[in-house]
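S.K.: These are the residues of each chain, in order.
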Amino acid sequence: MGRGEAGDVYRLVFELTARATDVPYERFLDELVEGLAAHYHARACRVHVGKESRAAAAADPDKSVQGLDPANRARFDTIDAMLAEAVRNDGVLRTALDLEGGEEIVNFLARELQTSETFAFPLIARGKAFGSITLYLPDGYPFEEADVRGLQAIGNVLYAASNRGDAFGVSGRGPVALSSDKLRAYQATLDRVGKVLDELLFLTDAKTVLLLDSHGDFIAKRGEDSMFSSTDFATIVASGFAAARRLAGFYGSDGGRTLIHEGDHEAVLVVPVASRALLCIVYRDHAAPALVVRWTETAATRLAEHYNALAEARIL
Amino acid sequence: MRPDVREEKPTVFFAKDVHQITLVLGKFLQKSRAETVLLVDSAGHLVARQGHTSPASEDTITALVAGTFAASQAMAQMLGAREFSSIVPCGDGRNLMILRAGDHALLAVTFADVSSDSLVRTYALDVIRRLEGLYARPGATGSPDEKIERKEFDKGIDGALDGVFG
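Chains A and B, in that order, give the protein sequences. In the working numbering, each residue's number is its place in the first sequence (first place is 1) plus 42. In the working numbering, each residue's number is its place in the second sequence (first place is 1) plus 1.
Everything labelled a hint here was simulated from the structure, so no lab data went into it. Where is the CB? At the ideal position from N, CA and C, for every residue including glycine. A hint or two may mislead.
Said to hold, decoys possible - Derived, one-sided and incomplete: chain B residues facing chain A with beta-carbon distance under 8 angstroms:
| # | residue |
| --- | --- |
| 1 | V66 |
| 2 | T69 |
| 3 | L80 |
| 4 | R83 |
| 5 | S87 |
| 6 | I88 |
| 7 | V89 |
| 8 | D93 |
| 9 | G103 |
| 10 | S117 |
| 11 | L120 |
| 12 | L135 |
To be verified - With a straight-line cut-off of 25 angstroms between C-alpha atoms, the simulated SDA-like cross-links for lysine to any residue are:
| # | chain 1 | residue 1 | chain 2 | residue 2 |
| --- | --- | --- | --- | --- |
| 13 | A | K249 | B | E84 |
| 14 | A | K249 | A | K263 |
| 15 | A | K249 | B | R83 |
| 16 | A | K249 | B | Q78 |
| 17 | A | K263 | B | I129 |
| 18 | B | K17 | B | E84 |
In isolation and in its complexed conformation, chain B is listed as follows (with noise of 0.2 angstroms):
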């Protein structure tokens, strides 16, 4: 049987708070000239984006960063480290770099060379104090049909994992 990688509690968004975060992640990409911005759960579903459309299905973009990041992390937790940052190079001089966006999101923004790294470092930092002011409100909260769950998500997921990796 496939063990069940999802176990924990699952992460709820409210239309309203993502409307907020689309806000949020618009303003980094004016600042820091990044091309694209991605929220995503810990788990690989996509909350929010901004910017470029993905050169190919979102699903599979957003399993691959969550998979990454999982790698990431894992590696720090055996170095002793609180939490890694990734950098991938991607074609044409782009990068794509994978940041911790509070405890349960992971924000993945590419951008080509000319914004430096750490420009956008600093902005995405920037982003996710504001994303963790946003999941802290004591407000955030919303009618039981405006919520997003994520185990809708699941299946496309499963599906989406299954095509990349056989």
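Excised from the complex, chain A in its bound form (with noise of 0.2 angstroms):
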């Protein structure tokens, strides 16, 4: 993957992001923090997550940093705990230069890592600056909107990722003693759905995912508590896009898409599943909303597989 254009970026974090829910924490940081120094051509990578001076996963790809001498080496490593330590103090990109002893220290960068720009990237989640992702380049990248907001979104994962815990085992709630092999199919099916309702309000730090069948009636929901009832918004929500399928039939449109709903501070997105359900998802101010369609309509993708399920999940 080379550096390109805003749809790079995206992809680059989509496909960086998806197997965040699969693999241990440790190890979606270090194939993060692998990609992100591929996809830039960095000498060296690091992601800061918390307030811990060492970072929390480190790439080099050409071993230059591995190459320096001991005290070169320790001189590294404070300048990284340095850049993180003041964005994640008041949240605000940062280059190398931007440090106390700026010109010294690109000096030294460019001699011992021969990079010519240093940036280092806060994550933030709910506002707040939790870490950063730092990057030795070899020359200069004209770094454009996308990778901020690619990155940014990185850091609403990282963050969901930190605070996880084991929720996406495929049987979260327990053994259920079930006496039917028909239902234990049932419900292993229904655990499945759930772990992609798990998976996508991860991703997406959404408040609420819904699933519901086309005619409104209510499947399944993860997220935040509302204060709505759950049932009345399914029957709202299918019935507005049942009148904007129609809708955008008259204009041309082979099929169900998605639908979006937009306002100051939260989005409401459909996409259809199998052409039988709906699947809503509820979120906040989002750095990459692309992001959050594409993650969405892939979790629909997955939904729609087990589409046999969905119709009796719906009968049970």
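If you follow the hints, you should be able to join the two separate chains into one complex; please do so.
M.R.: Written out as structure tokens, the structure is:
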């Protein structure tokens, strides 16, 4: 994957975060820094989470950092920790030049690592910086808004990953004693459906994820408790989607597509599942809404694989 | 008995206002490079339009626009938000955006992907401000025979909705 345009950055983030729910947290961090270093052709990439001065994960693709003598290695670690701390304190993106003694630091990095630019991006979730990503680049890179948004989206996923616990076990609610094979099969499928919803909630940092059938019957929900009835909300979502789909049909749409309702601080995204169900996600301001759409469509595709089970779930 | 969904006071537009509105919408199309713009009252009656001819009965389109918008407002209300705008992806990479235009009307805009979402939204918000200025104008009155009242549309809209939803 080379450096490129906004689509490339979102694709990168999508691919890097897709495994966030499947692998242990530490491995996810390792894969993340390696992916970022490869994408930006960085000499080194580090991720800092929390107040630890030591990086939570580091990538050193061409062993530039590993090849430093112990004194210079220690100096590099100090610079990296200073950048991480400065960014975590106020949530503002920094370069090495912004640090105290910036010119000397830049010269050191250029001499020892042949890097001409160093960026530290804040990882922000719920309005607070909780860590940073530092990239040591061999040449100038024209960072665009998409890069910043993409890296911010990584922040949301990382925050959720660092607080997730064991939410993604297939049978998260513990064993249920079922006597019938058919019921056990239902339960297994429902657990898999629940897992897809849990993962979507985790990736998007959404308030609520709702699964309903296209007639507006509520099937399942994940996320925050709401003040309103999920059944009423499901009915409204389904009626709005039915009108919008018919409207889109008059303008040449050949089937169900994504429907987005946007407000000042929240948005509702509705995606059809196997043309019989709807996946609805309520999310707050997100750095990269395009990624939310992509994650949700992927979840809808996975749910469609359980189409028959969904129909049965409705009956149950 | 079928419940009356149009209990609120009828919105009245005068012919000369509609002429001005049409001019504003025409300017909007030029600037935003959108394809079609419809001004629809909140009950689903067409007030003014500019751009390409609609692919289906306009009564049906406007009723569906109002229906989609009503659902999005109900969602916004349940979530404690002020209001939502909706984006409906259509065929051939086109999108339909629905926004509130003042207290009693909606703006529905179709645009191709080449015109960016944010560009269309920016110009649409400008149009909405202008339209609100027109509604609020103290001299916005006319002779009774100039009035275009929405009650005369009601039967037609009911028929269109029955045709769509059965």
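S.K.: Are there hints from earlier that the structure breaks, and if so, what are their numbers?
M.R.: Of the numbered hints given earlier, those the structure breaks are 9, 10, 11, 12, 17, 18, listed in rising order.
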